[in-house]
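Number of protein chains: 2
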Amino acid sequence: MDHDIAWPGSVRPGGRTARVRESVLEVAGDLLADRGFAHLDLAEVAARAGVGKTTVYRRWRTPAGLVGDLLVDMAEQSLPRADTGSLIEDLMANARLVAKTLTDGRQSNLFRAVIAAATCDDATAAALRTFYDTRLTEWTPCVEAAVVRGEVPAGTDARAVLSAVSAPLYYRLLASGDPIDDEAAEQAAKAAAVAAAAGTFVTKQAQRA
Amino acid sequence: MDHDIAWPGSVRPGGRTARVRESVLEVAGDLLADRGFAHLDLAEVAARAGVGKTTVYRRWRTPAGLVGDLLVDMAEQSLPRADTGSLIEDLMANARLVAKTLTDGRQSNLFRAVIAAATCDDATAAALRTFYDTRLTEWTPCVEAAVVRGEVPAGTDARAVLSAVSAPLYYRLLASGDPIDDEAAEQAAKAAAVAAAAGTFVTKQAQRA
Chain A
6 MDHDIAWPGS VRPGGRTARV RESVLEVAGD LLADRGFAHL DLAEVAARAG VGKTTVYRRW
66 RTPAGLVGDL LVDMAEQSLP RADTGSLIED LMANARLVAK TLTDGRQSNL FRAVIAAATC
126 DDATAAALRT FYDTRLTEWT PCVEAAVVRG EVPAGTDARA VLSAVSAPLY YRLLASGDPI
186 DDEAAEQAAK AAAVAAAAGT FVTKQAQRA
Chain B
6 MDHDIAWPGS VRPGGRTARV RESVLEVAGD LLADRGFAHL DLAEVAARAG VGKTTVYRRW
66 RTPAGLVGDL LVDMAEQSLP RADTGSLIED LMANARLVAK TLTDGRQSNL FRAVIAAATC
126 DDATAAALRT FYDTRLTEWT PCVEAAVVRG EVPAGTDARA VLSAVSAPLY YRLLASGDPI
186 DDEAAEQAAK AAAVAAAAGT FVTKQAQRA
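Protein chains in written order, with the numbering used here: chain A, 6 to 214; chain B, 6 to 214.
Keep in mind the hints are simulated off the structure, nothing from the lab.
Wrong hints could be hidden among the right ones.
Since copy identity is lost for identical chains, a pair holds within one copy or between any two.
Claimed, not checked - Once the Cα atoms are required to be at most 27 Å apart in a straight line, the calculated DSS-like pairs of lysine-lysine come out as:
(1) Lys209 - Lys195
(2) Lys209 - Lys58
(3) Lys105 - Lys58
(4) Lys58 - Lys195
(5) Lys105 - Lys209
Working from the sequences, and respecting the hints, build out all of it.
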């Protein structure tokens, strides 16, 4: 059936479009997690999602286009930032969220597949950077509030603090293979908070100002 | 010419074997950096290195076997640890070394290719973990000496401290795309040193002891 043709009595296009996107992205995520980017085939995604091939090719064009949209969706679906009133607690919540994602079977495989794809595909690399931009920006107010509360100095680079929380967990996933457990998450959050309080993440630009 | 056959007057086998390995690994590294793991072909490596195909297949068997040996060689060729007498200076040297590697065109591509390969190939993942094991172990005495000097508390997990230095630089390379510059290297080293001094990397096990 060609889902591109609206039929009498069908739901409004907006709703259908959203449902098509949801099905396609779910299948794309499953295939990526299972077999990686190199084997992501738009025709197979269309068939498994029960969506017309034409729709998938017209809307997403390439595997990289599909992964890019999946990353947009993942950023949109991600949980909102914490707001506990304390930087260390906010960073702990962030670290636990990242650790949970990177230890979930499907999500962990999905991230590894997308990060691997980004190493050899510029469009995917750009989409991945946008994903992390969105997530880092979502959590930026935690650091800004800590500046207002006087927990960390003015001029602290929120993006650097939040990257410092995620980075050791990604390093375990992609490089050292060390376990991503609760102790690792706690250490990552505490190290970032302690260093931030000591002024380590005040940018050189802010120091000069 | 079949290099498997020793000819009269040729150098002793040990020297030739070492030279063959060096040529093969250099070509393998070039090809990986240029085109990634998926396109690494043993026959092409043999041809470009001017080495018999049989030698290459017999010694390295698979592309993953070749990458594994390349990582062993990279770990062996890596610079020795710093020994400045101060933890922050040692970590700064470590961070600058990692940053230099990850911003060098060939090395950066090579690491990205190998990390990407490790996400979908278990043998490469194991070889990559061994590489980081070797490097982290090489630098462990810097943290142990800092414990002796009283710069960081006893029970500090050297591997966690050193991972904390590398991690933000790898996160920039693979995830956020933020620049890996001198400020990033300095921040990574300082954040790890400050957190280590505050006891953040004392393991729970050591805390209980």
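Evaluated hints:
1. Lys209 - Lys195: both (23 Å within a copy, 13 Å between copies)
2. Lys209 - Lys58: neither (52 Å within a copy, 54 Å between copies)
3. Lys105 - Lys58: Cα proximity of Lys105 and Lys58: none, with 34 Å in one copy and 46 Å across.
4. Lys58 - Lys195: Cα proximity of Lys58 and Lys195: none, with 49 Å in one copy and 53 Å across.
5. Lys105 - Lys209: For Lys105 and Lys209, the Cα distance is within 27 Å only across copies (20 Å; inside one copy 34 Å).
Hint compliance for this structure: hints 2, 3 and 4 are not met, and every other hint is.
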